[in-house]
Amino acid sequence: MNYEKKYVWSVLFRLFHWAFVLSIVVLAVTGFYINDPWPNPWLAGSRGFPMADMRYYHFLAGYVFTAALLVRLFLYLFGNRHERILHALPVTPGKVKNIFTTMAYYGYVTDRHGEDLGHNTIAGIVYLFTYVAAAAQVVGGFYLLYPESAGWQAWGLKFFGTQQQARHMHHLLLWYFLFFALVHLYLVVWNDVKAPEGMISSIFNGYKFKPKHNGSAEG
Amino acid sequence: MPITTSELVNNLSSSRRDFLKACTIAAAALGLSEAMIPRLVEAAANPQRPPVVWLHFQECTGCTESLVRGSHPDIARLILDIISLDYHETLMAAAGHQAEQQLQATLEKYPGKYLCVVEGGIPTKDNGIYCKIGGRTAMEILAEVAAKSAAVIAIGNCATYGGIQAADPNPTGAVGVWDLVHDVPVVNVAGCPPNPISFLGTVLHYLTFKRLPPTDKLGRPLFAYGRKIHDQCERRAHFDEGRYAEQFGDAGHLAGYCLYKVGCKGPATFSNCPAVRFNDVGVWPVGVGHGCIGCTEPGFWDTMTPFYERLPGIEIPGGRGIVTSADSAGKKILGIAGAAVGIHAVVGIGKRILKGKSDEDK
Ligand code: HEM
Ligand code: SF4
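Line order of the protein sequences matches chains A and B.
Position 142 of the first sequence, counting from 1, maps to 142 under my numbering, and the rest follow consecutively.
Position 139 of the second sequence, counting from 1, maps to 1139 under my numbering, and the rest follow consecutively.
No wet-lab data here; the hints were simulated from the structure.
Heads up, some of the hints might be wrong.
[Stated by the list, open to error] Pairwise CB distance ranges (calculated):
1) A:LEU145 to B:LEU1222: 46 to 56 angstroms
2) B:LYS1125 to A:ILE125: 26 to 36 angstroms
3) B:MET1036 to A:ARG84: 55 to 65 angstroms
4) B:VAL1323 to A:PHE204: 36 to 46 angstroms
5) B:MET1036 to A:TRP18: 26 to 36 angstroms
6) A:ILE125 to B:MET1036: 22 to 32 angstroms
For glycine and all other residues, C-beta sits at the position ideal for the given N, C-alpha and C.
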């Protein structure tokens, strides 16, 4: 089968992706530490600041995470056609059908799959949900970070309730991100093994490969 | 000859020294400059003492108890000296119909002038029949008394946010004052119980400036509830430097380390406890080795429990009220997802072995 090389992910998109990944790794590790600081050998007067440091890196990564989310929002509106918000949502009959094609493909029912250059429709929906969860993490995080600011207080109280409720939600969402990371990693590896389309390398260099036979690929 | 402030002060039942001391404590709690103290004293010594009606609903009287404790006579006496307590079921001499008559008399004599203090939650379910005084429900009494008052001070977690009777499943539909009273200003002096100085400061602020102090979004005066416990705590250095009591009574606990890991809710609780302290002997919960339980926050019986754990558990949806920790639920879900991923991968590998490579790969 012949494949042709297609440019899919812009530089900004790939930067967003890796900033998002790295910040989530740091946020999850430091978040776990903040929740339940593991015993450590520091004794009084030994000038170690593990909690202060962990919180510092958490907040630093929190800002990177926030910036990444804003970049993704920008790309949703002004990115290339694979990156825009409607690209992978079930807004046309073709995109709705793509849900079933993808399910059949992932369920080993068929080896045929939609030749979507960007995300398939299921992925598109899950990513959108993930960004909503990310926005909740950001609002909750800043509410925890600036508890005395009237502005964050108003938002935080509206969406989460008290500081304690916000922390609880912030912590539960941590588990969503771990869950997402597991499934996401598995599926990209699975796709990369199933079809030689360069799914994994595309997030490094921007290019995917698609079968040449039926002319232009959908999506 | 007009009576001077100093004469008045000297004539008050507490000694002049105690009186000034209490005013100074209150001024410090309010964050007022020293220059304001004379104004505070003058307002406190005004012979026209504002009448106060103190309502008790679903409560334990602990707020009153902590306010009139004998350990700080200056504060208790000052409160009783600067206001004219016309109705207070615990402290008044009158009882029964006589007491209720006194209440009516105050409402008629000082409409729009008196302060209304509320202690206790207000049950609203079934038309509020779960708390009645003299045949009238708490809702009726509050509606009448609050509407004619100049301002309402809700004291304690029950009057502010419903307190323990509002804890899940809240059988009597208990709510706080500000859920029901919208036409007169309400200030929430939260806590279980609140620090008497926070209450005194609120009253003195009202007497001095003729308005309630500025509040946060939960209606609590900023001078007392503007900052987190955690940001003023004397154990904070231990927190930042990673030294924690792992359990009560261990070496870390004895060494005075941070109580975060035994469930301290200081990081999620707004109050001046570490700064103002209690009972005139400079103590407060964290100071004596017990974590903060978050009693100034709405719904703390639900959100701050278990008291000895960092975060509340989560209820299993559809289960019979089984509660598990967020982390154990998270681990299980992640484990199930991991197993699903494993099975999916095994199916794929098995299919490939059985059927050979797909067309696409050739
Ligand atoms: C994927 C994103 C994030 C994850 C997984 C995450 C995870 C966590 C976790 C697990 C905690 C401990 C909560 C507890 O158990 O008490 C925490 C605390 C916190 N997080 Fe995040 N977080 C994320 C994003 C953010 C962002 C964007 C900010 C904003 C700057 C932020 C700010 C905070 C703050 C202020 C705390 C409280 C720390 C303290 O008071 O000691 N987080 N986070
Ligand atoms: S004891 Fe509580 S309030 Fe004090 S530093 Fe530790 S967690 Fe914060």
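Outcome of range test on Cβ distance (B:MET1036, A:ARG84; 55 to 65 angstroms): holds (60 angstroms)
A range of 46 to 56 angstroms was offered for this pair. Does it hold for the Cβ distance of A:LEU145 and B:LEU1222? violated (19 angstroms)
Would you say the C-beta atoms of A:ILE125 and B:MET1036 sit inside 22 to 32 angstroms of each other? violated (60 angstroms)
Given the hint of 26 to 36 angstroms, is the C-beta distance from B:MET1036 to A:TRP18 inside that range or not? Violated - the Cβ-Cβ distance for B:MET1036 and A:TRP18, about 56 angstroms, lies outside 26 to 36 angstroms.
Okay, B:VAL1323 versus A:PHE204 on CB: inside 36 to 46 angstroms? holds (45 angstroms)
Whether the CB-CB distance between B:LYS1125 and A:ILE125 falls inside 26 to 36 angstroms: Cβ of B:LYS1125 to Cβ of A:ILE125: about 41 angstroms, so the range 26 to 36 angstroms is violated.
Of the hints listed earlier, those the structure fails to meet are numbers 1, 2, 5 and 6, in rising order.
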